[in-house]
Amino acid sequence: MYEFVSGPLVWISFIVFIGGSIYRLVSMFKLADKEKVIFPYMSLKYSLRSLIHWIIPFASTNMRRRPFMTIITFAFHICLVLTPIFLLSHNLLWYQSWKISWWTMPERTADIMTIIVIFTAIFFLIRRLVLPEVRFVTFLSDYALLTVAVAPFITGFLAYHQWLPYKTMLILHIISGEIMLIAIPFTRLSHMLYFVFTRAYMGSEFGAVRNSKDW
Amino acid sequence: MTEPAAEAVVDPGIDEKIKKLTPERIESTINKVLTKGAAARLKVYLQTCVHCGLCADACHFYLSNDKDPKFSPVGKVKQTLWEIIRKKGKVDGGFIKDCSRIAHTECNVCRRCSMYCPFGIDIAYLLLLVRRMCALLGVVPQYLQDTVNSHAVTMNQMWVKQDEWIDSLQWQEEDAQDEVKNARIPLDKEGAEIMYSVIGPEPKFLAQLLGNIAMIMAVAGMDWTMPSFDGWDNSNMPMYSGDFETMARVERKHHEAALKLKVKRIVMGECGHAFRGAVYDGPKWLAWKEPPVPIIHAVQFYYELIKSGRIKIAKKFKEPVTVQEPCNIVRGRGLGDMLRYIMRATCEDFRDVYPRYEHNYCCGAGGGVINCGPQWKKSRVKGNRVKAEQLKATGAKFVVTPCHNCHSGIEDIVEHYNLGMHTKFFSEILIDVMEIPEDLKVE
Ligand code: HEM
Ligand code: HEM
Ligand code: SF4
Ligand code: SF4
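As given, the protein sequences belong to chains B and R, one line each in that order. Each number in this note's numbering comes from the position in the first sequence (counting from 1) with 1160 added on. Each number in this note's numbering comes from the position in the second sequence (counting from 1) with 940 added on.
The reader is advised that the hints may include incorrect statements.
Okay, derived cross-link-like pairs now, EDC-like style, lysine to aspartate or glutamate, Cα gap no bigger than 16 Å in a straight line [to be verified]:
| # | chain 1 | residue 1 | chain 2 | residue 2 |
| --- | --- | --- | --- | --- |
| 1 | R | Lys1229 | B | Glu1195 |
| 2 | R | Lys983 | B | Asp1193 |
| 3 | R | Lys1144 | R | Glu1104 |
| 4 | R | Lys983 | B | Glu1195 |
| 5 | R | Lys1364 | R | Glu1351 |
| 6 | R | Lys1224 | B | Glu1195 |
| 7 | R | Lys976 | B | Asp1193 |
| 8 | R | Lys1101 | R | Asp1170 |
| 9 | R | Lys972 | B | Glu1195 |
| 10 | R | Lys976 | B | Glu1195 |
| 11 | R | Lys1028 | R | Glu967 |
| 12 | R | Lys1028 | R | Glu964 |
| 13 | R | Lys1255 | R | Glu1288 |
| 14 | B | Lys1196 | R | Glu1104 |
To be clear, the hints were calculated from the coordinates, so they are not data collected in a lab. Here the structure is a predicted model, which is why all the values come from computation and not from measurement.
So that you can see chain B by itself, here it is in the shape it has in the complex (with noise of 0.2 Å):
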């Protein structure tokens, strides 16, 4: 079990992910390209005014309105992407299969990251099920994306401390992660794929076409 997952179950995960990361995207720029008024109003300038403004904490209008917000969701998303880059433990598993290896964070780092994340995840949840607004449009596929976001974390925190048996919350472990993995392309979580373009597009249309700021 542990070998098929760790393997050949890993090798599809990130060919699913990368592959089909890919394939979304270039369906996105065929499509945009039959729509005919999206390439001709893009503008590079205001693409990266706009993404400026919305990758940095408080540089945004609503951000500043919802500080609280803000913060954990920038906490979540950084730490939920870092993580699992700099692990130690991710890190000597890509030297062993492919003898690369790059900068590490120390474990202890990585240990309280992967807090952060299962407890910004927690606010998510709870946010969800308290604010009205949110609540009238949450489906049961929001809590199972944000489940599927944060399993990883509570299951690799799990395995790290080893407070459960090792070797099943391990299993566990990968097979949440390659769920992740192939969930992105195929799920709302491609909003990570797709950020950089729906903000460039509004960005383009707000700056370009309608000379004002869209943050």
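Position chain R with the ligands against the provided structure of chain B, taking the given hints into account.
Below, chain R with the ligands alone, put in the same frame as chain B:
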């Protein structure tokens, strides 16, 4: 689960029309809209939206209805598009009725929400697609559809016939000459520098605005003209009903009139939606990157006249006055600074609004909502309490509304919330305060 948000309103344009729909027609029409032309943005927006609700606070309907989530931008998309897509277009007439109510009467397509969504999702565009589906099914609020029919038949919004149009211009020319000597409304002058265009309701209900521009043009000494033929009306209601074919015909006609008169540029009267149609929504549908003849809005024009000194201010307007920033020229074209410049140049006591510039609240009337007719007035005015609070906080006695929709919308709000204010177009202030040169003075 989704009980109607507003009290049931009777609108034959919706109620009678849904009776004629068959499930097959609904399904095939919806799927045509979902797959043809609009697919890229629609698909990406629907895949990207993480249902976070961060756009809610942008919408005056949501804020004014005590934060009822049914009025939040994403909430409106949920009740319409998400449901349509989940059911793959297999929805019934009752559902289409709700769609029309939500998309035509509870959203001003003002685009404030796309500045609040972290992904910049264009929710107004999504709701316009819903309008498009309704329009193709023939389900459009009756009053709005009547203006669309008028556009389709007469190329203007108000069934104005050519002789009536020319009559109004001549009558206003005479009136203007009572105030300013030699004030003229030159018709069909080929090669003039400026073609001035207005919306259909001006000759019909607000003809004095035509007189105002004649005086202003005379005082500024401009070389201008107006077409006596179709294309004089720059308004565009089909843009808002969802009948984009007619929208395109109207825009094309307007631009063709300018080309025919060989003018250097078009100056538009004080209207926001007309500007949107002529400058970006129309050209976009026609796949023109830029309109063929440069177009400026009245606010830009007055800014030029005042800044360059072609019009001098004799005595400033004394009363405290504030401004309604039309979404389509401020969020839509960044004219907020010019608007403030002309306000300060002509008014002694200008009170700014907050939030302002692109963050200003919509008047609640734009986007075709006021054109849906009197039966929808109640929900429209109720849906913009925040505007009343915003205006009240300025303590002003007058509100300048450089847009026809804003003008009527703000009037309704002022009345309903007892604000005790008066609305004015900017040109009404300008003709009051401008200096009329000696040689143009009427003894
Ligand atoms: C897809 C294949 C994956 C494999 C083979 C894998 C493998 C591992 C291994 C072996 C550990 C170490 C457990 C220990 O210390 O003994 C670990 C920890 C961890 N993994 Fe993964 N992982 C995968 C995917 C992911 C993904 C996609 C994420 C998150 C997005 C993730 C997040 C974590 C975290 C946060 C920890 C450590 C928690 C802590 O230190 O507290 N992993 N993983
Ligand atoms: C790296 C590029 C990414 C960007 C720019 C991004 C951006 C965003 C934004 C703007 C939101 C809106 C709500 C909020 O502000 O919290 C959001 C929500 C969310 N993101 Fe991401 N994201 C990215 C990657 C990811 C990844 C890789 C995952 C997980 C696999 C993820 C999971 C989530 C989840 C679960 C939510 C919803 C929270 C809720 O339930 O309200 N994101 N993201
Ligand atoms: S009225 Fe304006 S803010 Fe509200 S949903 Fe429509 S476009 Fe968005
Ligand atoms: S803010 Fe954007 S992503 Fe969030 S619910 Fe609204 S439209 Fe969707």
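Checked hints:
1. R:Lys1229 to B:Glu1195: Status holds; Cα separation ~13 Å.
2. R:Lys983 to B:Asp1193: Since the Cα atoms of Lys983 (chain R) and Asp1193 (chain B) sit roughly 14 Å apart, the hinted pair holds (cutoff 16 Å).
3. R:Lys1144 to R:Glu1104: Holds, at about 9 Å.
4. R:Lys983 to B:Glu1195: 12 Å, holds
5. R:Lys1364 to R:Glu1351: 10 Å, holds
6. R:Lys1224 to B:Glu1195: 11 Å, holds
7. R:Lys976 to B:Asp1193: The given pair, whose Cα atoms are some 13 Å apart, holds under the 16 Å limit.
8. R:Lys1101 to R:Asp1170: 9 Å, holds
9. R:Lys972 to B:Glu1195: 14 Å, holds
10. R:Lys976 to B:Glu1195: 9 Å, holds
11. R:Lys1028 to R:Glu967: 8 Å, holds
12. R:Lys1028 to R:Glu964: Status holds; Cα separation ~12 Å.
13. R:Lys1255 to R:Glu1288: 9 Å, holds
14. B:Lys1196 to R:Glu1104: 40 Å, violated
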